[in-house]
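Quick note, the sequences are listed as chains A and B, same order.
The numbering of the first sequence is the UniProt record's numbering, which starts it at 1 and goes up by one.
The numbering of the second sequence is the UniProt record's numbering, which starts it at 1 and goes up by one.
If you are wondering where the hints come from, they were derived from the structure by calculation, not from laboratory data.
Backbone N, C-alpha and C define an ideal beta-carbon position, used for all residues, glycine too.
Hints are supplied without guarantee of correctness; some may be wrong.
[Unchecked claim] So these bits of chain B aren't anywhere near chain A, every CB distance computed over 10 Å: (1) Lys112; (2) Gly121; (3) Pro126; (4) Arg270.
[Stated by the list, open to error] For the chain B half of the interface with chain A, some residues (derived, Cβ under 7 Å), not all of them: (5) Met25; (6) Asn61; (7) Asp65; (8) Met71; (9) Ile72; (10) Ser96; (11) Gln166; (12) Lys231; (13) His240; (14) Glu244; (15) Thr261; (16) Phe271.
[Unchecked claim] To list a few chain B residues with every Cβ distance to chain A over 12 Å, as calculated: (17) Val5; (18) Lys14; (19) Ser64; (20) Lys107; (21) Tyr133; (22) His156; (23) Ala184; (24) Phe239; (25) Glu247; (26) Lys260.
Number of protein chains: 2
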Amino acid sequence: MKEMVNFDEQNFLKIGASIYEKRSMIEHIAEVICKEDFTNLFFTSSGGSQAMMDPFWDMVNEMSDIPVYRMISAEYLACGHNQVKEGTVAFLASKSGDTKETMAAAKVLKEKGVRLVSVIGKSDSPLEKISDYSVVYGDGRPQELILYLLIGKLLHIEGYFDAYPQFADELKHLPQVLCDVRIAVDEKAKQYAQDYHKEPYNIWIGSGNCWPVCYAFAMCVLEESQWIRTKSVSSPEFFHGTLELVEKGVCCTLVVTEGKTRELDLRVKRFLETHTDKFTCFDTADYPFAGISDAFRGILSPVVMNAILQRISKNMEAVTEHSLDIRRYYRVESY
Amino acid sequence: MKEMVNFDEQNFLKIGASIYEKRSMIEHIAEVICKEDFTNLFFTSSGGSQAMMDPFWDMVNEMSDIPVYRMISAEYLACGHNQVKEGTVAFLASKSGDTKETMAAAKVLKEKGVRLVSVIGKSDSPLEKISDYSVVYGDGRPQELILYLLIGKLLHIEGYFDAYPQFADELKHLPQVLCDVRIAVDEKAKQYAQDYHKEPYNIWIGSGNCWPVCYAFAMCVLEESQWIRTKSVSSPEFFHGTLELVEKGVCCTLVVTEGKTRELDLRVKRFLETHTDKFTCFDTADYPFAGISDAFRGILSPVVMNAILQRISKNMEAVTEHSLDIRRYYRVESY
Chain A
1 MKEMVNFDEQ NFLKIGASIY EKRSMIEHIA EVICKEDFTN LFFTSSGGSQ
51 AMMDPFWDMV NEMSDIPVYR MISAEYLACG HNQVKEGTVA FLASKSGDTK
101 ETMAAAKVLK EKGVRLVSVI GKSDSPLEKI SDYSVVYGDG RPQELILYLL
151 IGKLLHIEGY FDAYPQFADE LKHLPQVLCD VRIAVDEKAK QYAQDYHKEP
201 YNIWIGSGNC WPVCYAFAMC VLEESQWIRT KSVSSPEFFH GTLELVEKGV
251 CCTLVVTEGK TRELDLRVKR FLETHTDKFT CFDTADYPFA GISDAFRGIL
301 SPVVMNAILQ RISKNMEAVT EHSLDIRRYY RVESY
Chain B
1 MKEMVNFDEQ NFLKIGASIY EKRSMIEHIA EVICKEDFTN LFFTSSGGSQ
51 AMMDPFWDMV NEMSDIPVYR MISAEYLACG HNQVKEGTVA FLASKSGDTK
101 ETMAAAKVLK EKGVRLVSVI GKSDSPLEKI SDYSVVYGDG RPQELILYLL
151 IGKLLHIEGY FDAYPQFADE LKHLPQVLCD VRIAVDEKAK QYAQDYHKEP
201 YNIWIGSGNC WPVCYAFAMC VLEESQWIRT KSVSSPEFFH GTLELVEKGV
251 CCTLVVTEGK TRELDLRVKR FLETHTDKFT CFDTADYPFA GISDAFRGIL
301 SPVVMNAILQ RISKNMEAVT EHSLDIRRYY RVESY
């Protein structure tokens, strides 16, 4: 096996298994929510945590008739959401369990009688304390696995996801798939990091359930962790402005989903292939998902794309010698 | 009066009046919609037209209990929206009246039995033909005036906007307000264009009902019409990544709304004032709205901000000698 920086397959499998082991506990939360009944679902958090949950908005919207909403916590606090009230079940996520706006939103929601289900990195956090139900993943990864089980089971109970038992069984293979994908993409990601880490401007494009992945990688990894300048734009919107910036020498990176908006991405691909010499495309379809049925590939595109892009960040860190953990402002200054 | 490029006050007043003259026709559409009853509202279009309508999502959400949704037409076509069905009233906008994805969405919506209300620049367009109701503005501006009357009247009839008659009466002054604002901001906008037209990277920040204004100005004006590189990010999300890019020499521009998210913008203002020497803030609160009550300033922030920013584009065009009408790809190539 080629040498890969910052990669420990055994650990990846272990931290993946540690989440899958919680399957029955997670499914039990879905059962209780459905038994108590609900009128709609609401995803709210901040930054990368919201982006991690956003594809589950797409999943509920595409697979069911359940009303589902999403809103950044800070905007929810300022504006409210006119359908979020008693009867709503809210999903919140926070690595630290104490993200300021997310916690403030949790308090407001709680006062309204909204039930809170949280996905949290640390145990004994303020967010866990206020939540009706929570899953603490600690070192476990990926967080998305929790939501595939939680939302998948919920859709199943409500009659929208007949194949869920098979889906959930096959998710056992997800950690290995995510390792395999990392290994398969690593050379390409390394080359990408070497070629483009000094680019003055990076256009990132994606759509549908991979739009949040694209948006968050540009903002929370390249900008926040590597201080690299980006512009992220969704595939259909790319054609309503950003395309005019493209010419030889402009670095463009496209993430292609296997979800319902795939054709929107492929349209961008065809355009960029002939309009810039610095074009890279990452497509989940290029990788096998061993042990997982083709029918579930679209739903799983976001978590697979995150694994792909993580190989860019890990290689970028090695090339730039700029640790992914350095911040000059976030949690360093107060503002 | 100082000389202003590309500005003709009399014409602005005339094209504003030409829309206001349609008030009773526009209000009649709202009356018919409410009489026929509806279950929810849906805003869908593409690019700048969607951004023009997006603040009305905020208006409905903040002022009423009416379920309201918004989605880019291309994504709607690919994914659907699980609450949009018979009983929905959809609002669409298109300058040309034949924007590809918007027209395709109109057809799909029509087949579902959704009523279509369109705001269109040209008469006898395909979009007008397929719509149940439409307002053709031709040379009239701003388009937003149509939606303030349409959505305002609708909210009034449904019992959510008691002050609407006063609001609509005062909107007669909007064209003059938008002229006054243009005149008042022009020197600042001119200086801005001179100082920053060669910046290699421009961070644009805004929130709430002015987020779509910020997003669209960066993408549809600076990128599409001036080929200037931007990153737009919402005020709360700025603190979850993009802030780390800021240092001396990084050009940052903030649009401050008087709507409900004003405090989120002011937090960004406080941060940027001390972290870069290339910071500009455009705040609707800096300008009088003669003849319009303070209570309506927040709702009107988007249209006022668009007038402010238009002085940047008009001055930018003069400075760069790059016409706002040049495209290298859009409607030049097919893709």
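Of the numbered hints stated earlier in the document, which are not met by this structure?
Violated: hints 4, 5, 8, 10, 11, 19, 24, 25 and 26.
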